[in-house]
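Novice: Numbering (numbering that gives the first Met the number 0), first residue to last: 0 to 116.
No lab work stands behind these hints: they were computed from the structure. Do not rely on the hints blindly, as some may be mistaken.
Said to hold, decoys possible - Distance condition first, Cα-Cα at most 30 Å in a straight line; then the derived DSSO-like pairs of lysine-lysine:
1) 88 / 105
2) 88 / 38
3) 95 / 105
Since we're looking at a predicted model, the values are computed, not measured.
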Amino acid sequence: MQWINDNWSFLVVVICAVALMLLYLRKFTALPSGEQLMKVKEWLLWAVIMAERDFGSGTGALKLRYVYDLFLERFPGLASMISFDTFSKLVDEALKKMKHILETNKDIDCYVKGGEG
0 MQWINDNWSF LVVVICAVAL MLLYLRKFTA LPSGEQLMKV KEWLLWAVIM
50 AERDFGSGTG ALKLRYVYDL FLERFPGLAS MISFDTFSKL VDEALKKMKH
100 ILETNKDIDC YVKGGEG
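Based on the sequences and whatever the hints tell you, model everything.
Specialist: Structure below.
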C-alpha cells in the first residue's frame, strides 16, 4: 500500500497510456480491412521515403529492415498477422510510388537527397 501511495502519479500515467493505446487499437481495428490496408500503405510510403532519406541509395536490405522495425513498433498487432513476404511486397509497392513521386516532385526529391527545397 505504501508503494501505491509513493507512486500514484506514475500509476496514473501508465493507466492513461494503456487506455489511449486501447482506444487507438479499438478505433483502428473497427475500420474496414480495406481502409486499414490503405492506412498501412500510406504509412509505408512515408516510411520508405524516410528510409531513403536517412540511408540513401544502395542500402536496400538495411532500409527494408529499418522500415520493418518501424512497422513492428507502429502496428504490433497487425505485424503478427502479416508475413514478412507480404510485408516485402507492400514495401515494393511503396517503393514504386516513391520513385514516381521523386521523379515528378522535385521538392520531395530534393528533400530526400538532403538538399534544400
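Novice: Of the hints stated earlier, which fail here?
Specialist: none
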